[in-house]
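Chain by chain, the residues run as shown.
Number of protein chains: 2
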Amino acid sequence: MVKAVAVDVEGDACVVRKSSEGNRLYSKGCYGIKEKEYLLNLVETCYLIEKGRVEARRKGKKINLEKFMEYALEYIPDFEIKYLVYRDLRERGYIVRMQEGGESFLLYERGKRPPAKPAFQVRAISERATFRIADIEKNIEDAENKLILGVVDEEGDITYYIAKFFRMKGEMEERDYEGKIILLNDRCITKDEGLREKLREDFVGREIGEYTQLSLMEAAYLVEKGVKVTRRGRKMSMERFIKHARKIQPDIERRLLVYKEMRKMKLLPKTGFKFGSHFRVYEENPEKSHAPYLVHVVDSSHESTWAEVSRAVRLAHSVKKEMIFAMVGGDKTKYIRLRRITP
Amino acid sequence: MVKAVAVDVEGDACVVRKSSEGNRLYSKGCYGIKEKEYLLNLVETCYLIEKGRVEARRKGKKINLEKFMEYALEYIPDFEIKYLVYRDLRERGYIVRMQEGGESFLLYERGKRPPAKPAFQVRAISERATFRIADIEKNIEDAENKLILGVVDEEGDITYYIAKFFRMKGEMEERDYEGKIILLNDRCITKDEGLREKLREDFVGREIGEYTQLSLMEAAYLVEKGVKVTRRGRKMSMERFIKHARKIQPDIERRLLVYKEMRKMKLLPKTGFKFGSHFRVYEENPEKSHAPYLVHVVDSSHESTWAEVSRAVRLAHSVKKEMIFAMVGGDKTKYIRLRRITP
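Same order as they appear, the protein sequences are chains W and Y. Taking the working numbering, the leading residue of the first sequence gets 10, the next gets one more, and so forth. Taking the working numbering, the leading residue of the second sequence gets 10, the next gets one more, and so forth.
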């Protein structure tokens, strides 16, 4: 066994005493940086202490793993979280470096190391942190590489997600409609045979016996496309229809915006209720293919828990779908895909 | 084809004109009740109009299906929801009756009808309704039969759940522990070999290299069982430990209560984070069997959306687990199982 390398803990850096040993740590495992001396950061040092490859001293006194962790927490409040992610990736055999500023890690492709470019930027996140969609969006925008989120659960297990902007595209052509529908309260119906025929061809609405039933969402779309809607025998404008719908489903306009955008992308959105999302989305004829996407519409102030997100993505994958958050509120809708991966 | 039965719509009841026809509707399909005359309720009538078996008149004028639905909405605000559930169960070939008061339906076992006892009480719920755990509990308590919740999504598809109080029981004996653990910030670690050995046998904590890591939950349990906890070299009382933990995980006491109860039931709870729930729960050795339950701890004021619940139950089933809500806050914890069924 190699003799442990002696380092001196000073503030949030650890100085390698012998330059030759620092050099070896860097050349062999890509640990540390060379300034005047070889310096290890707290996360690296902790890992090397755990592995028995470094012996750390502070003010001349040896400091063991537990004490070192307690010490590191004073400099990095979420040290435990960062350490677990760093450690896990190292144990999987990757070269991982702390990014300047310490906010995230740079992860290299297997077998690669600097000066090669890192393939991923990895953020370590506690399961107890709030999931803010705007943060995710910013993280994706800021990352120079692909973004991975490593979410650490209370028992130290890590779930990794790749987060990225995502483009969907389908083959379901849009067209105009005419005819009449009736608004009941929280849904519409129609017995208009001409319209029903078109709806059937386009997989819009649901046939219930002798009539076709439409969700408020579908109905709103049809009304914009030229269909007339009445309630208790009286015609309704689009404005009045939306006003009514908003009482029943307060976020109808946000959802409708995304519904219409997806229709423009030639996609067919249907309710995703059974999967706990707003839409399941088809690229082509739903009788011939399954829906490859679940789309959840949120505004840019949306917050949730990581447990919810974990559940959403896991369920999506269990039914072979991608989980996509459609974030509205900026100048254009951002479609953000979260996919669980095993590094 | 049988000639449609003439009924007169009067308020929220529909009077069958000819007693002999009312009699036949009742004896053949179990529709209506006999008072002075045979009366159908609005849901039954709507279904029979749709099937072409009833022709309804109001003030002498014929009223078609759409008009009838609009009319019924004036008496039953969630008529669309109730009707879809009633219709779906009828279409599946069951005898369904509206319960007195109209709050729910009575569902008979296949092939059974009154005077047999109904097997289930079915509540029709809109996906847009708020999921309140206290309501579910009350519904279970009030139901004279097994309770089914029929949740109607915006497109009219129905997901059925059986809701019931549930008892779990395992084979994992509890025991006391001694030894020392160190609180870092959001987790504990120990290098105490005697303790680590016991924890390993009991599948508590997680081995990370040369130490064992414990979640705050597990640590709190161990501290109550006799383990000493220190932070930065100073001993901590159970009270101080919980005070610290509460800052990191505000609902720790509620979760701990349920954790301890489950341990008393000889179950082994571990984090359910990957499934979006608080605990996955084992009945026996986790190396030999999978966790049959997901347990989510909520207080009695807990509210959520049905979409979330739909997702939670669906995910649980996709990994062959039962979804259980542990409702704390009353004199004792209520364990409520929601299981998706196809009637």
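Derived from the structure by calculation, the hints contain no laboratory data. A hint or two may mislead.
As the list claims (entries may be wrong) - Chain Y stretches covered by chain W per the calculated footprint, using a threshold of three residues with CB under 8 angstroms from any CB of chain W:
#1 122-128
#2 218-230
#3 263-275
Claimed, not checked - Below 27 angstroms or equal to it, Euclidean Cα-Cα: the simulated BS3-like pairs (lysine-lysine) are:
#4 Lys283/W x Lys189/Y
#5 Lys343/W x Lys329/W
#6 Lys256/Y x Lys76/W
#7 Lys147/Y x Lys60/W
Beta carbons: idealized from backbone N, C-alpha and C, even for Gly.
Of all the hints numbered above, which does this structure not satisfy? Sort the numbers upward.
Per hint list: 1, 3, 4 and 7 violated.
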